[in-house]
Amino acid sequence: MRRSKLNILLVAILVIVLVLWLAVPFGMALLWSLVDPSKAWSYPDLLPQKLSFVRWTEMWETTNLALAMGHSYTLAPIVAVCTLILAAPTAYAFARLDFHGKTAAQMLSLLPLVVPEFVTALFFTSLLYKLGIYAKFPAIVLGHIVLFLPYAIRILTVSFAQVRQDLIDAARDLGASPWARFSSAFLPVLKPGILAALIIVFIQSIEEFAISFVVGSPDFTTIPTILYSYLGDNFIRPNAAVVSLILVVPNIILLLIFERLLKSNGAVTVGGKG
Amino acid sequence: MRAYSPSNWKHTGVVLLCLLPGLGLIILLIGTVISMAVAQSVGYFNFSGPSEFSLIYWQKQLASPFLHRSVLYSAKISLLSSLISVGLAYMFAMWLRRPFPGSTMLGGLLKAPMMVPGLVAAFLLLNVIAFHGFVNEFLLWTNIISKPLRMQNDSFGTAVIFLQVWKQMPFALLVLIGPVQSIHNEIFDAARDLGASAWTRFRKIVLPLTLTAMQAALILVFIRAAGDFSFQVIVGPREVSSMAQYMYTVQRLYGEWNEAAVVAVVLMTMSLTGALLLAAVSQFLVTGRRR
Amino acid sequence: MLKRTLIAAATALSFAQPALAADDIMTKPWDDIVAQAKEEGQVVWYNWFLQPRFREFVKGFEEEYGIEVTIPDGTNEGNFNKFLAERDRPEGDIDVMSVPGDALSKFDPKTYFLGPLDTLPDFDKLRTEINSGDGKGYAVAYWGNQTGLAYDPTQVEFADLPQTFDDLTAWMTAHPMEFAFNDPQGGGAGKAFVQMAVRSKVSDADLKAEKFDAGWDWFKSQKDNYGYTASNADSLTRLNGGEFHLVVAWEDHLAGLQKKGEIDKRMKFYIPKFGMPGGGNAVGIPANAKHKHAALVFVNWLTSAKVQEMLATQLGASPVNSAAKGVPGGVPAEQRAYSVDWLAADTTDAISRQFLEKVVLGQ
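From first to last, the protein sequence lines are chains A, B and C.
Each residue of the first sequence is one higher than the one before, counting from 1 in this note's numbering.
Each residue of the second sequence is one higher than the one before, counting from 1001 in this note's numbering.
Each residue of the third sequence is one higher than the one before, counting from 2001 in this note's numbering.
A portion of the hints provided could be inaccurate.
Unchecked claim - Restricting the straight-line Cα-Cα distance to at most 25 Å, the calculated cross-link-like pairs of lysine-lysine (DSS-like) are:
1) K2259(C) x K39(A)
2) K2201(C) x K2358(C)
3) K2110(C) x K2290(C)
4) K2201(C) x K2223(C)
5) K2223(C) x K1147(B)
6) K2110(C) x K130(A)
7) K2325(C) x K2306(C)
8) K1060(B) x K2211(C)
9) K2290(C) x K130(A)
10) K2265(C) x K50(A)
11) K2028(C) x K2125(C)
12) K2273(C) x K2220(C)
13) K1010(B) x K102(A)
14) K2038(C) x K2290(C)
15) K2358(C) x K1060(B)
16) K2223(C) x K2211(C)
Unchecked claim - Selected chain A positions facing chain C (in silico; Cβ < 8 Å):
17) S38
18) T63
19) F118
20) K130
21) F209
22) P218
23) T225
24) Y228
25) S229
26) P238
27) I253
None of these hints come from the bench; they were simulated from the model.
All residues carry an ideal CB built from backbone N, CA and C; glycine is no exception.
Isolated chain A, as found in the complex (with noise of 0.2 Å):
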């Protein structure tokens, strides 16, 4: 097969692609997080002259680390979730019902993502504070789910208009009830939109600052908070370098536990014969 060898070439290219694309910066990242503070990484060495694990250790002792990554992690499954079910009835609406001024209502859907940061962390929180949401962990589910909506939104459209109707009429016909209905002609299709939508909210309820942390601070930290302490305006390679592999790694491993999943159902989406 001619298609066979034309992918072991583009594996090939993609694989040296990807060496410059990942592992070069990672690879770096490591070094510069194994530099022993007892003798700096300066030029002209070309590599580090001592290596120690001592910055992770002293990362992991002197900052809440683990305290961060554990919140960041209960919030951003919760968020996803909730943001899901919330925006699937107005894609469902977007994608399949119509209406006068769907493409306004579409349009001010997009609202939350053009919001800068510094009118989130400043208005929304003080906003929070005066409808009496003090407590933290609730205020900042709703500030995330409120500022992801578009894209589980959007994300969703694209599927619910890809559902094939006369799959749905098909299944009427045939008397299956609601569920079956559903299951058959709605959610094979609806799949890897639900994912991709869960996964974008993740990562970016992981990665969001201004609320988590004018709301959040001092008790509830979250991982961003840790991240621009160390890589904010003053940000110093070493100990970056260190936050960030400890932050990125869980990330990766569950992008790949993600892909699994999208890979072993998505591949059905193929749908019904055309």
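Take the given structure of chain A and dock chains B and C to it, following the hints.
Relative to the frame of chain A, chains B and C by itself:
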């Protein structure tokens, strides 16, 4: 249209009920937040002095050449980032359309940058393009250059666009891959039998069938790139500000909260209209050409 | 009628109560404040730099008073946003708030902070104006520091270091792109250098009239000779990376990074004869702080002569309590004499703005 028929009422009710939990929540909360920003731009919510109505902040900022330049610059960066990200994402989506050995792993690796927080991404790139970083040392070692290149703050914004694409392409891929995979093989086979080239097949089949997904990807990438602050500060050009950067300048350096709110409102308007224009143009190019 | 008046009076009273309590605290005898602070038992200090070191450092306070100190992670910007956003809460999370001295002009200290702080026993020995900002008695300096030039001795000999501003110009021409300073928005070191360049090139009369064009001409003529970095830390990182050999920096910042092996210990610091300003940071107590008494006691401890001397020897700060003895280590005393004060806040801001408009963006 029969305006008052019961079925119409019922239909409107269903639509409203559907929109309530999603769009309703957005309008209620974000609508309030945006009106607060607008109120600040006309003189209220002043943190450093008394609050009163005034249009002076709008007059001052709209006359500022720096605001104009940052609007144009941000529009340029977002447009290029979204076109490149979506273009590359299509390429990978087409390639990964049919599973082959290792395609799951590949899909995962391609999407890995998405999991890297923006600041970390900028930090990783800095390590690579630094004056004595990997790229420069490699080029020096191979004698391609004799003096290290300064890649950190090029005046076009290439480094920023690179970072945007690195970070946003996976999002575009995630949005596009489902719809691309759901196109039937028979359609492609039929087109190939009719002698259509790969490009024609892409243009006549894939693009129209995945138009909504493409628009979603373009919109999301454009808006995210338009609001960029951290990439710009670290690797962006020095002689021009991104809109978010300019907004912080007005707020921090000038201490003008109300004027910063003007810039915020301009930024929101620009990202929204830019994204919608992009979607409209792509619709026209894809569907208009078919007729 | 009477009933209504009574109700009105009662409501007025109940509204007046918190305000009265807040005023009350400032007139209490100091011993009462200490006693109540111990009852509160804890204080939350929002400080945006060196948090791990400060967490160690405040153990002395915790042992002395039995009051627990929390120093959350956070950035300068993040802390400041939280500080502003919490204003309308009846009780906020912040008990003691650190701000860079120049940020004092970005909000109104009198409405956001508790005060005036003259109830502090040491108040007359403290500074309320620092780094071109004015705390108006509602914020006091707790951290002093010095700007200057950091250099790589393997690349530049001490004897060859530029001392006057003309020296610097000549050195830059001879060594293009080896000197760098940072964006004034990315940190005070760059702001300090821009100000000194203007002061070297512009007459006093023109300075007063905010006519700085001679200074901007200098920057334009040297455009290809200097590097322009993102922040204080970016300058030092790139000095360490061998890209630059002479950069504008904070003394305490460099010392702190060298101590932790982030920047090589060979890098050195000096204050040139043309002078570089000293600056600093201030603390205030938010008007809605939960632990006001503990906050007062903590601020008093932090700014006391004894603690200021410890900050100088352990963390490289310059003391800001006039009773504190001794100068910090680091540069020799004769160089310390080249330290100058910042220009007034208005002029400093005008310089930073014009620099941005005429030099950075105005090309």
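Cross-check of the supplied hints:
1. As the CA atoms of K2259(C) and K39(A) are separated by approximately 10 Å, the hinted pair is consistent with the 25 Å bound.
2. The straight-line distance between the Cα atoms of K2201(C) and K2358(C) is roughly 16 Å, inside the 25 Å bound, and the hint therefore holds.
3. With a C-alpha separation of about 18 Å, the suggested pairing of K2110(C) with K2290(C) holds against the 25 Å cut-off.
4. Between K2201(C) and K2223(C), the direct Cα distance comes to roughly 16 Å. Compliance with the 25 Å bound is thereby established for this hinted pair.
5. Proposed proximity of K2223(C) and K1147(B) is supported: the alpha carbons are some 20 Å apart, at most 25 Å.
6. For the proposed pair K2110(C) and K130(A), the alpha carbon gap of about 23 Å is at most 25 Å, so the pair holds.
7. A distance of roughly 9 Å separates the Cα atoms of K2325(C) and K2306(C); the hinted pair therefore holds under the 25 Å criterion.
8. Under the criterion of a C-alpha separation no larger than 25 Å, the hint pairing K1060(B) with K2211(C) is consistent with the structure, at around 21 Å.
9. Proposed proximity of K2290(C) and K130(A) is supported: the alpha carbons are some 18 Å apart, at most 25 Å.
10. A distance of roughly 14 Å separates the Cα atoms of K2265(C) and K50(A); the hinted pair therefore holds under the 25 Å criterion.
11. For the proposed pair K2028(C) and K2125(C), the alpha carbon gap of about 20 Å is at most 25 Å, so the pair holds.
12. Proximity of K2273(C) to K2220(C) is assessed by CA-CA distance (about 23 Å); at most 25 Å being required, the pair is judged to hold.
13. For a cut-off of 25 Å, the pair hint linking K1010(B) to K102(A) stands: about 17 Å separates their Cα positions.
14. At most 25 Å may separate the alpha-carbon atoms for a hinted pair to count; K2038(C) and K2290(C) meet this at roughly 14 Å.
15. A threshold of 25 Å between alpha carbons decides the hint, and for K2358(C) with K1060(B) the separation of about 17 Å falls inside it, so the pair holds.
16. The hinted pair formed by K2223(C) and K2211(C) meets the criterion: a straight-line CA distance of about 20 Å does not exceed 25 Å.
17. With 8 Å as the threshold, the beta carbon of S38(A) comes within range of chain C, its nearest partner Cβ sitting at about 6 Å, so the hint holds.
18. Given the 8 Å rule on beta carbons, the hint for T63(A) holds: about 6 Å separates it from the nearest Cβ of chain C.
19. For F118(A), the interface hint holds, the least distance from its beta-carbon to any beta-carbon of chain C being 7 Å, beneath 8 Å.
20. This hint holds: K130(A) has a C-beta 7 Å from the nearest C-beta of chain C, less than the 8 Å allowed.
21. For F209(A), the interface hint holds, since its Cβ comes within 8 Å of a Cβ in chain C; the closest pair sits about 7 Å apart.
22. The closest approach between the C-beta of P218(A) and any C-beta of chain C is roughly 4 Å, which is under the 8 Å cut-off, so the hint is satisfied.
23. The beta carbon of T225(A) comes within 5 Å of a beta carbon in chain C, closer than 8 Å, and the hint placing it at the interface holds.
24. With its C-beta approaching chain C no nearer than about 5 Å, Y228(A) sits inside the 8 Å limit, and its interface hint holds.
25. At a threshold of 8 Å, the smallest CB-CB gap from S229(A) to chain C is about 5 Å, leaving the interface hint in force.
26. A cut of 8 Å between beta carbons decides the hint on P238(A): the least distance to chain C is about 6 Å, and the hint holds.
27. The restraint placing I253(A) at the interface with chain C is violated, with a minimum CB-CB distance near 25 Å, outside the 8 Å limit.
The structure is inconsistent with hint 27 alone, although it conforms to all the rest.
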